[in-house]
Amino acid sequence: MTIFSPGLFKHPSRCFRSYSIVGVGLLGTFTYRHKYKINRVSFSSSTPSSYYCRATLSTTMEEVKPAFDSDKAAVLVNELRKTFNSGKTKSYEWRISQLESISKMIDEKEKEIVEALQKDLSKPELEAFLSEILMARSSCKLALKELKQWMMPQKVETSLATYPSSAEIVAEPLGVVLVISTWNFPFSLSLDPVIGAIAAGNAVVLKPSEIAPATSSLLSRLVGEYMDKSAIIVVEGAVAETSALLEQKWDKIFFTGGARVGRIVMAAAAKNLTPVTLELGGKCPAVVDSNVNLQVTARRIVAGKWVCNNGQACIGVDYIITTKELAPKLIATLVNVVEEIFGKDLMESKERSRIINSFHFKRLVNLLEEDKVSSKIVFGGQRDESQLQIAPTILLDVPEDSMIMQEEIFGPLLPIITVERLEDSFAMINRKPKPLAAYLFSDDEQIKRKFVQNIYAGGMAINDTILQVTVPTLPFGGVGESGMGSYHGKFSFDAFSHKKAVLYRSFAGDSPTRYPPYTPGKKKQIKALLSGKLLNIMLALLGFYKD
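In terms of the working numbering, the numbers along the sequence shown are unbroken and rise by one, the last being 547.
Hint data in this document are derived by calculation from the structure and do not stem from the laboratory. One thing to keep in mind: the hints can contain errors.
Straight-line alpha carbon distances no greater than 30 Å define the calculated BS3-like cross-link-like pairs of lysine-lysine that follow [claimed, not checked]:
no., residue 1, residue 2
1, K72, K90
2, K500, K145
3, K119, K82
4, K145, K90
5, K432, K450
6, K88, K148
7, K271, K72
8, K249, K324
9, K229, K500
10, K362, K344
11, K329, K450
12, K522, K533
13, K88, K145
14, K344, K372
15, K499, K141
16, K271, K499
17, K271, K90
18, K533, K155
19, K82, K499
20, K376, K324
21, K119, K344
22, K434, K271
23, K329, K344
24, K499, K148
25, K362, K72
26, K111, K350
27, K119, K350
28, K88, K109
29, K229, K432
Based on the provided sequences and hints, a complete structural model is requested.
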């Protein structure tokens with residue numbers, strides 16, 4: 001006979017305290033089986049789904065550890081380190097073979113990838129193709145094309161002090177690296193850094209986000225099917241599994257997510273002096289001048305807000321700043337474009353992703369329902385919790401101290417703030433933590449120069465949004481609270497490489513000047529050699545500076 005105690009637990013320990021039995025919580029799978037005997041009636045169960053708490057009752061008690069704990073994580077890292085130390089991952093042939101496998105995987109499993117993204121986020125097929133599949137495929141193809149060039153040592157000049165000599169910078173893999181990805185672009189933001197890590201010759205553990213379970217499960221299966229299992233591993237799970245991984249010593253941790261968890265990752269990395277790349281986020285502004293083509297501007301803002309995962313993007317437009325005079329025209333044009341793209345009945349549109357889960361839905365609703373904010377809605381605001389949908393929503397002149405202007409929105413809400421002069425927007429932006437991206441729409445060359453020179457941000461686009469991340473020759477990364485480090489293109493290769501300085505000398509040209517005893521003549525000779533003046537150098541080489 002089996003007894004089920006259903007319930008969703010925000011923390012598994014509540015299950016343990018209440019029932020002293022098995023708990024599988026939303027934050028991770030914790031399997032503890034306790035057996036008791038009561039009046040000769042025996043109860044038994046097997047491990048349930050993440051929505052149940054079950055008990056097994058008999059005469060004995062046994063405790064089973066979580067499926068993936070710190071001990072198993074340590075074993076995993078040790079095995080990967082053996083693979084790396086064997087030199088297997090360092091060869092050009094191995095790197096190319098793994099990149100080709102990723103390319104093949106994307107081509108052959110495109111339909112399954114789209115289906116997983118549909119399950120997790122209701123991503124429209126075209127959006128899934130453009131923002132997830134095409135991005136990952138492009139990164140992989142670029143690495144395949146350029147890898148040989150990236151791996152070549154970079155020759156550099158040497159100084160006269162080391163004459164005769166030559167020098168080079170050698171890119172060597174860091175070792176065993178951990179990639180922790182996020183849920184909003186769960187396929188491309190998982191594979192993109194992994195592609196860089198493999199290209200650089202590392203062994204890799206990928207921890208996909210449990211908040212996008214269909215994509216996480218698919219990645220685990222496909223990586224196991226297509227990739228070298230001795231060097232590239234996917235670990236699924238939630239807080240317990242991530243914590244177990246963070247307890248290990250890594251040669252690099254690459255994290256994509258929010259600032260709160262980013263601080264936890266960085267603190268864990270600091271214990272082992274592990275370098276980190278943190279791809280975080282922030283409130284990305286778009287400043288709109290009065291001299292722009294309003295129709296094009298509106299379309300590009302809509303693309304960078306609602307078409308881009310329904311606002312759930314770290315580089316998406318978070319808020320707009322414009323002049324009081326232009327604001328009504330801009331709002332009207334934005335509304336027209338939104339209805340043109342998504343239809344008049346915004347809640348019925350199939351062209352937008354849904355909100356990822358009920359927690360984030362409620363978070364967004366709370367932002368909208370704050371006392372000093374709810375009256376500022378000028379368009380949209382409809383919501384349906386059963387479908388996890390909130391309509392594209394525009395708000396005008398919400399207070400700067402409101403929550404919607406203090407925290408990253410990460411959803412389909414778009415505040416518009418008005419100023420008297422466009423230059424006033426610069427101080428407003430710089431009062432906030434440095435964003436991951438900043439956007440300006442203007443035809444004024446002077447305003448463009450001032451914006452680039454005076455606004456601090458991870459990256460920028462002038463007269464467009466989000467497209468800067470599609471340029472592989474530009475680094476993508478944050479600054480300050482929006483992150484540290486960068487990747488994309490060769491920058492991904494560099495993120496997972498150590499640039500080793502190498503100096504080559506022969507046994508010729510061994511000058512006695514460098515060895516004691518140090519005399520006044522030697523000091524003059526050294527000064528002459530380092531002066532950079534040809535005459536002094538020639539005199540020193542000819543031995544004119546003597547005691």
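How the hints compare with the structure:
With a C-alpha separation of about 25 Å, the suggested pairing of K72 with K90 holds against the 30 Å cut-off. Distance check on the hinted pair: K500 and K145 sit about 23 Å apart at the alpha-carbon level, within 30 Å; holds. Simply put, K119 and K82 have alpha-carbon atoms about 37 Å apart, too far for the 30 Å limit, and the pair is violated. Annotation: proposed proximity of K145 to K90 holds, straight-line Cα distance about 17 Å (limit 30 Å).
Taken as a hint, the K432 and K450 pair is honoured in the structure, with Cα atoms around 18 Å apart against an allowance of 30 Å. For the hint pairing K88 with K148, the CA-to-CA distance comes to about 17 Å; that is within 30 Å, so the pair holds. With a C-alpha separation of about 20 Å, the suggested pairing of K271 with K72 holds against the 30 Å cut-off. At most 30 Å may separate the alpha-carbon atoms for a hinted pair to count; K249 and K324 exceed this at roughly 54 Å.
Under the criterion of a C-alpha separation no larger than 30 Å, the hint pairing K229 with K500 is consistent with the structure, at around 28 Å. Note on K362 and K344: the hinted pairing holds, with a Cα-Cα distance of about 25 Å set against a maximum of 30 Å. Annotation: proposed proximity of K329 to K450 holds, straight-line Cα distance about 25 Å (limit 30 Å). Proposed proximity of K522 and K533 is supported: the alpha carbons are some 17 Å apart, at most 30 Å.
Among the hinted pairs, K88 with K145 is consistent with the structure: their alpha-carbon atoms are about 21 Å apart, no more than 30 Å. Using a Cα cut-off of 30 Å, the hinted pair K344 and K372 holds, with the two alpha carbons roughly 28 Å apart. Taken as a hint, the K499 and K141 pair is honoured in the structure, with Cα atoms around 24 Å apart against an allowance of 30 Å. Between K271 and K499, the direct Cα distance comes to roughly 23 Å. Compliance with the 30 Å bound is thereby established for this hinted pair.
A C-alpha spacing of about 27 Å is found between K271 and K90, which places the hinted pair at or below 30 Å, so the restraint holds. For the given pair, K533 sits about 25 Å from K155 by alpha-carbon distance, which is consistent with the 30 Å threshold. For the proposed pair K82 and K499, the alpha carbon gap of about 23 Å is at most 30 Å, so the pair holds. Under the criterion of a C-alpha separation no larger than 30 Å, the hint pairing K376 with K324 is consistent with the structure, at around 15 Å.
For the suggested pair K119 and K344, the alpha carbons sit about 25 Å apart, so the restraint of at most 30 Å is met. For the proposed pair K434 and K271, the alpha carbon gap of about 27 Å is at most 30 Å, so the pair holds. At most 30 Å may separate the alpha-carbon atoms for a hinted pair to count; K329 and K344 meet this at roughly 19 Å. Distance hint between K499 and K148 is fulfilled; the C-alpha atoms sit about 16 Å from each other, no more than 30 Å.
Restraint check for K362 and K72: not satisfied, since their Cα atoms lie roughly 36 Å apart, outside the 30 Å limit. Among the hinted pairs, K111 with K350 is consistent with the structure: their alpha-carbon atoms are about 18 Å apart, no more than 30 Å. Under the criterion of a C-alpha separation no larger than 30 Å, the hint pairing K119 with K350 is consistent with the structure, at around 14 Å. Between K88 and K109 the alpha-carbon distance is near 27 Å, which keeps this suggested pair within the 30 Å criterion.
Only pairs whose Cα atoms come within 30 Å are accepted, and K229 paired with K432 is rejected, the gap being roughly 44 Å.
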